[in-house]
Structure formats: structure tokens, C-alpha cells
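Trainee: Got two chains here, separate frames each, mind docking them using the hints?
Same order as they appear, the protein sequences are chains A and B. Counted from 1, the first sequence has number 290 at position 290 by my numbering; the numbering is strictly sequential. Counted from 1, the second sequence has number 142 at position 142 by my numbering; the numbering is strictly sequential.
Any given hint could be a false lead.
Lysine-lysine pairs mimicking BS3-like chemistry, simulated, CA-CA at most 30 Å apart [claimed, not checked]: (1) A:Lys45 with A:Lys158; (2) B:Lys257 with A:Lys101; (3) A:Lys411 with B:Lys257.
Calculated directly from the structure, the hints in this document are not laboratory data. Predicted model, so just to flag it, every value in this text is computed and none were measured.
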Amino acid sequence: MVFRQFGAAAALAGALGLAASPAHAVTEIQWWHAMTGPNNDVVVKLANDFNASQSDYKIVPTFKGSYADTLNAGIAAFRAGNAPGIMQVFEVGTATMMAAKGAIKPVSDLMKEQGEKFDPQSYLPAITGYYSTAKGEMLSFPFNSSSMVMWVNLDALKKAGIEAPPKTWPEVFADAKKLHATSPTCGFSSSWITWGLIEQFSAWHNIPIGTKANGLDGFDTVLEFNNPLETKLLENLVELQKDKSYDYSGRTNTGEGRFTSGECALYMTSSAFYPNVKANAKFNYTAVPMPYFPDAKDAPQNSIIGGASLWVMGGKSKEEYKGIAKFFTFLSDTDRQVYLHEVSGYLPITKAAYEKTKASGFYEKNPILEVPLKELTNKPPTENSRGLRFGGMVQMRDVWSEEIEAALAGKKSAKEALDAAVSRGNQMLRQFERTATK
Amino acid sequence: MENRAIFSGRLLACLLVFPQLAISLIFFYWPAAQAVWQSFLVQDAFGLSTEFVWFENYVNLLKTPEYYHAIGTTFFFSLLVVFFSLAIGLLLAVMANRNIAGVQIYRTFLIIPYAVAPAVASVLFIFMFQPGLGMIARALQRNGIDWNPVLNGNHAMILIVIVAVWNQISYNFLFFLAGLQSIPKSVIEAAAIDGARPARRFWTIVFPLLSPTTFFLIVVNITYAFFNTLGIIDTATEGGPNGSTSTLVYKVFLDGKAGSDLGGSAAQSVILMIIVIVLTAIQFRYVEKKVHY
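Extracted from the complex, chain B is given alone in its bound form (with noise of 0.2 Å):
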């Protein structure tokens, strides 16, 4: 016998999805749409002269080597934030779930960073590695390391990636530290009654007990590496030295504001959401197939 609740006519559910729908189409659509369109003009920054190019200003950003090398780096900065992001809040997780003594203490502290702006954080690196001036920097230079992120484009690499992990532990701890404890204790006292050691409980059980999770916040680090990363790149870096830590999405950014070319920025943009359309598909038809729920 069905129980369910049955909603009759059309016209109800139409009416309670439509503010949904309003919402995507106006704010994801409508703009990717203008978007794409724009990306097959070539206009002035005021828009006086406008010209219809078709692919123009694709085969123009195909032609360059700088866009190539734009899209290598982009995928080895994410590559890095993403396992690096992920490790450390597992980890931090996996330990401030333990029962401690003042262990809400730590969990708030560790939640805080997440509160912090990406371009704030940034500055706040930016004083503490900042060449000649800065603590760490000091740090390094008094030990023989030549630190230098203005001329050095592996120190400004290292420099943006700390800064983007740094940004980012806190969400992915909260995320794992909420999947550690939805995991049955039973489960894991009944290993330990079986003799499994703390680190092949871990690898054996919780770990692919929390693929859930870490499922959601791979789709979620990515999607913030490749995008959500610029407020910090433009304040550490500018994308340089010599382009060295200019991502695809600071270049969108760059060319856009800086270089008020419209028709190329939206180019760009159209072929960073494909690949990050691309990547989203490839991760739901594929990895999640090792998920457990």
C-alpha cells in the first residue's frame, strides 16, 4: 500500500520549483550564456566598436604560449592544493577526534582560518615571507636558503599553494571531523576486539567509510582551486614571476580587468568552465563508482 504524500495538478509543483529554476537561470545561465556570446566579439572596453569574429579570439588564445603553459600550471597548483588541503584536514580531523581533554578548544581554533578572506590570508603571508621583511623569510635566508618569491617562480608556487591550503584545511576538517563521527563506533571496537592495529583500523574501515566525504570535498577543492583561488594570486603574486603562478582563471581575471579585452577573457572563461564541467563529469561517472555509501 503506497503512504505517500500525493500532490495533485501540476501546477503546485511547478510553482515550488520555480523559484529554483528563476535563480539558476538568472544567475548561472543567463550569465554563461552572455558569456559565450561575448566570447565571439572583439570590443573596445566601452563598448563603442563591436565586431562579430566567430571563433577568432579562440584560435588567437590557441595560438599563444603563454595560455598552454597557463593550463599546465593551473593543474599542478591544484593538483598540490587539493592532496595537500585534504591530507592536513584528515589528519587534524583524525586527531581531534579523539577524546581529549579540551578538545572543543581545538576544533573551534581549527575551524577559525576558514573565517579568514583569501585575499587577508594572502597579505598575511605575503608579511610573513615577504623578502627582507618578513619573518620566515629571514627565517630561511639566515639558513642558507635564498628565498626569493618575486624572482623565484618554484618560491612563488610554494608561496600560493601554502596560502591556498592554509585557506582551505579548516572546510575540509569540519567536513571530515563530522564524517569521523557519523562512522558506528561499534564497527571500529569490533576490529580492535579483532586485533587490528589503530593505523589498518584506519586504512581498512574509517577510511573507506568516509569516501562519502572525501568524494564531496575533492569535487569541492577543485572547483575551489581552479577558481576560488584568485584573490590570493592576485595579492601574493600577480601571477608572477614570469607568469609562473598565473592560473587559467587569474588569467580570465588579468586579460578581462587589466587588459579590457572582453572578447578573449570570455574565451577563456568558456573553455575553463568546459574543462571544469569536463573534470566534475569525469569524477561522478567514474570515481564515484568506489564510493561507498
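The shape of chain A in the complex, shown without the other chains (with noise of 0.2 Å):
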């Protein structure tokens, strides 16, 4: 019995020992990612095309949960000595990422020693801002990106007897206002609450979020987003919960079934809502930018973005490096990435890709696809709206929702919640501060 077992052992690891020695050495590369349902297809299509225009590397694909547990599994795997070769970040893992000096390797970097053609000018600048070093040096390679949107029940506005969607933010109070009066619950509401009602809010109204280019010059960066617009913004919803003309739908996008089941006729969340859109809106509907202050100075400057980015890992062979280089440049080619951005709706990275979409009538079918482009390239981004790099930035949306939902629960005034959010999220900096190496 016990021979047989050790025969049966000895076979199987021959077995895999003559599978992963075929006629010369292939580097196989580690990809770790977040992705479910068809972008999980849209990843394994990525690295069976690549695995397939080539001999020399192997791209493996593997599912490691959501973007948090993405993240920890990556930072626990480091620990241990075994990180993967690229891992999928979140946009808000930026800061922790790149503070890990050592941990990395930056993409601007890695394309230079590895030699391949690689110019930072001919990607999306509203989109690779975000994942650069103030100096432009790209750190991460942008993967999946999408901005936010207003989504628009038109068949709601038209009872409701309202011509057009609002463009400005006193439009949609006044619109929220009489929607509440055909649907009682709900007139205007949102998700993703700090990333669009303070993120995407102050760059798109050309404010700060915090100094030092809302951080991306420097981790001894201070918040200051308990501004004037600010508290304006926040007084009025919360003058609108009350009657739920505006009704808070959480922190992240569990609400936005209630724009697909019509009970909210104006919601602001991500243009990546638009597949779930196409498939359960029983209305009519289009998406329009985010609506604006029109007294403000700059207003509308330019959205940020939000998604994730592949990140390469430090310490890995010469071999490794040179077959993610050579994905990057796969990944950056302009018809994968017209394809990519027209078959899942991600933004497409590379100006080239944009144009091409553009110049193919593609928009004119499917002209919500164009609106977040529109709104990331509406301006050249400035130090307000190039993006943003907070340490802990995971945990520091949950404390300002924490105190956006005081202020809508009526417990402190809009000031109030957003000095407390200024200074909660001040200590939680000064703590990363300490720990990111320099």
C-alpha cells in the first residue's frame, strides 16, 4: 500500500517534472488580479494571445478575490519571499504601493533597462497621471480605468416634466426636488460617496484635496477639503435627505441597483456601471458629465479616474523582467486596445487608441462610451486634478464616508464632518508618513 502511494507519487511528479522541461526554457510570469465575470475573461483572453505571439514567456493569470484581497495576498506574499511578477492594484493602493521602495519596480524604469520602445507621450495623460511620480515617470501601467458619471432616467425627467439632464450641481438640487414628487424615495442619489462627492468633486471644480498636489509630491501632504465649495456641496444634500430628494445609497456601488430599478432617476457613479445599465434598465437613459458650480472659477477642469493598475513586483530575474516588458508593449498596442476598450468598456490608455475609436464612428453608436473620455481630457490636468496619492487611502475613504454619513444622518453639520474627515485623515497621513520609506 505504502509502495504503491510512494509509485503513484513518483510518477505524478515525474509527470510534471518532463511538462515543465519542454525543448528550451520558458519564464513563466505571475499575474495576479482582481477581475470577475466577463473582465475575468477579458484577462485570460490578454494572456492566452500573449502566451500565444510567442515561445519565450508565459503569462499565468490568477484570480486572488476582490482588490483589497488582491492587495493583501500580494503584501503577504512579498513577506514571505514569493510575490507574484504583476499584480492588480486599485487605484487607492497607489500611495502603498509606491512607498514600497524596494518592493517595486516602477514601469518607466522597467521598459528603459529592458529596452523596449516605450514614450510616455503617447498615453492618455489624464490617466497616466495618476500613476506617475510628479517628474511624469510612470510608475504603474494603467489596466483598467473608468471616471464618473451622471447616470439620467430619461423617461423619469420627461414625467417629472423636465426638459433636459442638469449640467449643474443647483439644476440637479432644483430636479431632485421635483423627481422626489413622482418618486417619493428618491430623487438624485450616488455611490462611491468620497471618490465622487470629494475626489472627483474637487478636481473637476479645480480645487485642492490636499497640498503638495493632493500628494503626489510628497507624503508630508496635508488635507484641506473642508472648503468653502465643499461644505456648500455637502450642505445641500443634506438639506435634500431630509425629504429624500437626495437619499445616500453607501459607501460603495450596493445602491446602484436602485437607478436600474428607476426608484433614483439621477445617479452619479462609475461609467463601468454602463454593461449593467445596457442590460437592466427598462427606460430610456444616457450618462451626461458631472455636474458642476457654475460660480466656480475653473469649473468644469478635468475628472480623475478610478480602476486599477498593474504593478510590477521588485527582485524578480532578468528573464521575468524582460517578458513583462514585452507584455506592457503587447498591452499598449493600438487595435488591443480599441478592442479591449470597446468589447469591456475600459477606457483606452494610449491617445492613438482613443482616435482611432473616434475615427471609426464607434462613439456615434455609443456615444455614453465617450463621455468619461470627455471628461478626462476636457482640460490639461493641473496639480488639482492630476490625480491623487494619499497613504492608508483605503481605509481613509471609510473614515470621511464615516463623517459624510454623519452630517446626512443629522448628527453634525456639514463644517463639522468635513473638519473631523480633515483631521482623522491628517493623523492617518502623519502615521503612513512614518512607516513609507523614502
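Mentor: Right, dumping it as C-alpha cells:
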């Protein structure tokens, strides 16, 4: 019995050994990601296409759970000396990753070292800016990007006697009141509360969230979004929350069903909501750019992205880096970007891909997909609208959300809540600054 | 005349105890020691820079008002969960302990919820209680109750208490039922003959005789409410709104996982460990004296 088991194990080991040693050595590159459903298929297809296109490298994608799970798995693996070659990290994990010098390899360094053709200018600055240093060196490779838009239920607007979707915040407030008459539980609502109401709002109005270009220029950044404009926005929402003209839908996107069910006629959330709306909304809908305050000097400026990028981990072999560099060149290919954009709804990352999609007339048939791109490229990004980089951003969003919730529930005034969000956030930033390796 | 089997030599005894000791050391004492060590460090997520800071993590923790709020929330939540899950479990056990038709079927069905993972239970309840979508939420709203757990802290608390209680009732039911069945029928019959009514029989005979079971379940349920409700809170409310459902164990999880603040998170888990040790010690020291074995 013991011998039989041993024999089977030996045979298995032999088979594995044979499978792993073909004519010439193939370098395997682990790619950990957090994509589910159709997006997971896209990841697998990309890996397969790349593996079929050459025979020296093999990309092995592995699903590791949610964004946070993937990041934690990567951190744990690194601590155990076992990190993957490529790791998909959501945009709010950017500061955590870049602070870990030695754990990561900046993409621009990688491409230079491996002699891959790489022109930072060919990428859309609104997207790559989020993942670049202050000097414009790309740290991680943008993978899936989206922006925030306002989804509009056109039938409900007509019913409430509203002629056109609102463009400004005062119009949104007025329309929400009118819509409330026809849908008593919700006129207007939003998902990703801090991304929309603080991060995007600040960029769109060209006002800072924090000093040092929202933290892009250094970890000694200090939050300062408790400004009059932000306070005005929150005060208005608190007022509307009282009779549910605006109704809070939670911190993440769990409330998105309230738009597709027809309950909330105006709904601010990610442009990546598109496939869901297309499949589930039984009414005429569209998406329009985020609203702005017309009395704000620079509004609308440009929006920022959300989504995730691919980080290259440090301490890998030369062959692995060579393969990763080739894979990134493969991903940047114009036709491939166009295809990815059209099939998945992710934004293209190169200018050429955007132009080509535009020229093909795709946006005339799918105008909604161009809305986030128009927002992102509305004006050249400024210090306030390139992106943001705060340590501990995952938890920071929870802290900010808590304070917004306190204001909406009437426990604090809007100003008090924003002050508390800023001071609690600053404490976290100081703690992060201390541990960040410089 | 002593008639017990006596093993000679210490070697065999040590050998027999060894596996249990090894398991305790590797899976309990070693991680606990690691947590204590980690709580004295300030470290980045990747472990690239480490600084030994003595009690700074603890001092910082005790300076944040949110932490005291979480302590209050934890005790309030645990009290509600322990009380309701024990009371309902006992009620159901008493009901199912009677001679009625199909009693086996009832018993089986009452045990099934325990097989549902806390996170799954949460998701089921979220479906029912989600404002605008859930059946129960809609029914509440139709009756003029502005049910809104995403913004109303009390509603969120009610929601997680319901899920946590629901998940634990079966376990309590099972133990209470076993406890009830071990009570000799003759005692109850004697009381009945003496003219005691069912309610009196229950409180003066059955309930005291159940006290070992009740005591055991109180200890287990407190531990459950303190630790095992993490999955429920994470899926149902994520500690919100405004921290009103953020218990100690959830904060440990959140600060360690989402915040990558391992030192602070470890300090919290050490404090939590001390709280639970003290609570359990109190129970064994004082409450157990009232238990009739």
C-alpha cells in the first residue's frame, strides 16, 4: 500500500517534471488580479493571446479575490519572499505601493532597462498621471480605468416635466426636488460616495484635496478639502436628504440597483456601470458629465480616473522583467486597446487608441462610452486634477464616509463633518509618512 | 483498595500530552505572542521599515474617541445577541421537547440555520432588508417606517443583531434540547403531581437544572458575539453608518487589513484578548458558583 502510493507520487512527479521542461526554457510570469465575470475572461484572453504570440514567456493569470484581497495577498506573498511578477492594484492602493521602494519596480525604469519602445507621451495624461511620479515617470501600468458620470433616467425626467438632464449642481438640486414628487423615496443619489463627492468633485472644480498636488509630490501632504465649496455641496445634500430628494446609497456601489430599478432617476456613479445599465434598465437612459457649480472659477476642469493598474514587483529575474516589458508593449498596441475599450467598456490608455475609436464612428453609436473620456480630457490636468496619492487611502475613504454619514444623518453639521474628516485623515497621513520608506 | 489503572513512568504521560501541548503552542500561544510583539512595532505594509515603539500604539489607540465608541458598541451588541439568541434558542428547545407529531422534522429544521456561513446569512438578510429592493424593507416602508440601515445607525444595529442572533439560535437550541432531555422526567412528574403549573415547573425545576448548559452557552455566545460576528458585520454594514456597528473585532480587521496598520491592529487585538480573558474569568469565578451540576 505504502509502496503503491509512493509509486503513484513518483509517477506524478515525473509527469510534472516532463511537462515543465520542454525543448527550451519558458519563463513563467505570475499575474495576480481581481477581475470577475466577463472582465476575468478579458484577462485570460489577454494572457492566452500573449502566450500564443511568442514562445519565450508565459503569463499565468490568477484570480485573488477582491481588490483589497489581491493587494493583501500580494503584500503577504512579498513578506514571505514569494511575490508575483505582476499585481493588479486598485487606484487607492497607489500610495501604499509606491511607498514600498524595493518591493516594486517602476514601469518606466523597467521599460528603459529592457530596451522596450516606450513613449510616455503616447498615453492619455489624465490616466497615466494618476500612476506617475511628480516628474512624470510612470510607476504602474494603467489597466482598467473608468471615471465618474451621472446616469439619467430620461423617462422619469419627462414625467417630472424636466426638459434636459441637469448640467450644474443647482440644476441637480432643483431637479431632485421635482423628481421627488414622482418617486418619494429618491430623486437623486450616488455611489462611491467619497470618490464622487470629494475626490472627483475637487478635481472637477480645480480645487485641492490636499497640499503637495494632492500628495503626488510627497508624503508630507496635508488634507484641506474642508473648503467653502465642498461645504456648500454637503450642506445642500444634507438639506435634500431630509425629505429624500437626495438619498444616500452607501459607500460602495451596492446601491446602483436603485437606478436600474427606476427608483432614483439621477444617479452618479462609475462609467463602468454601463454594461449593467444596458442589461437591466427598462427605460430610456443616458449618461452626462458630472455637474459643477457655475460660480466656481475653473469648473468644469477635468475628472480623474478610478480602476486599477498593474504593478511590477521587485526582486525578480532578468528574464521575468524582459517578459513583463514585452507584455506591456503588447498591451499598449493600438488595435488591442481599441478592442479592449469596445468590448469591456474600460477606457483606452493611449491617445492613438482613442483617436482610432473616434475615427471609426464607434462613439456615434455608443455616445455614453465617450462621456468619461470627454470628462478626463476636458482640460489639461492641473495640480489639483492629476490625481491623488494619500497613504492608507483604503481606510481613509472609510473615515471620510463615516463623517459624511454623520452629516447626512443630522448628527453633525456639514462643516463639522468635513473638519473631522480632514483632521482624522491627517492623523492617518502622519502615521503613514512615518512608515513610508523614502 | 485503589482500583485505578496507574501508568508507571513519566515518559508515556508526557508523550500522550505532547500532541495537545504542541497544538496549543503552535496555534494559540505562538500567534498570541506574535500579536503582542507586533503591537510594539510601527511597520509599513510590506515590512520594509520597522521601528520598535514600546507602548505608542496603545497610547495612540486610547487617545482616539472612536475606540471607546467601538468598546461601547461591542458590549451593547454582545448583550443583545447573547440575550436574544439564548432566549429564543431556549424557547424553541422547550417547544420542541414536547411529545408532538413530527417532532423530529421540527428539530432537524431548527438546526439547519447553523450550517449557513455567517457571510451568507448576511447576504440573505441584506436582500430582505435592502431599502428599495428587499421584501421586508418595502413592507416596513409601506407601513410608514423609514427603514434605512445605510444611514440610520440604530437600524444598522438592529440588522446585524438579527443576523447574528438568527445564525446562533440553532446552536443554542441544540444544546438546550440536549440539556432538557437529560433532566429526569420523574422530577418534573413529581412536581406536576404536587400541583405545580407548567410555568412554575419550568422556572423552579427545569431552568435551575439547565444551568450548566446555560452557563456553557453564555460563555460560548459571548465569544461568538465578540469574535465570530466579523463576517456578518463586514458583509451587512461594513461597520457603518458613521461607525455605529463597528465592534472591536471589526476594527482590528479593518485597521489591519484595509489600513495596513499592523501595529495598531495588533495592539487592539491584544486589548480585545485581555477583555475576553477577564470576562471569561469573571464568569468562571462568580457566575459558575450559581450553577448546579
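Trainee: Does each hint hold? Answer for all of them.
Mentor: Okay, the hints, checked on the actual structure:
At roughly 43 Å between alpha-carbon atoms, Lys45 of chain A and Lys158 of chain A are farther apart than 30 Å, so this suggested pair is violated. For a cut-off of 30 Å, the pair hint linking Lys257 of chain B to Lys101 of chain A stands: about 20 Å separates their Cα positions. For the suggested pair Lys411 of chain A and Lys257 of chain B, the alpha carbons sit about 28 Å apart, so the restraint of at most 30 Å is met.
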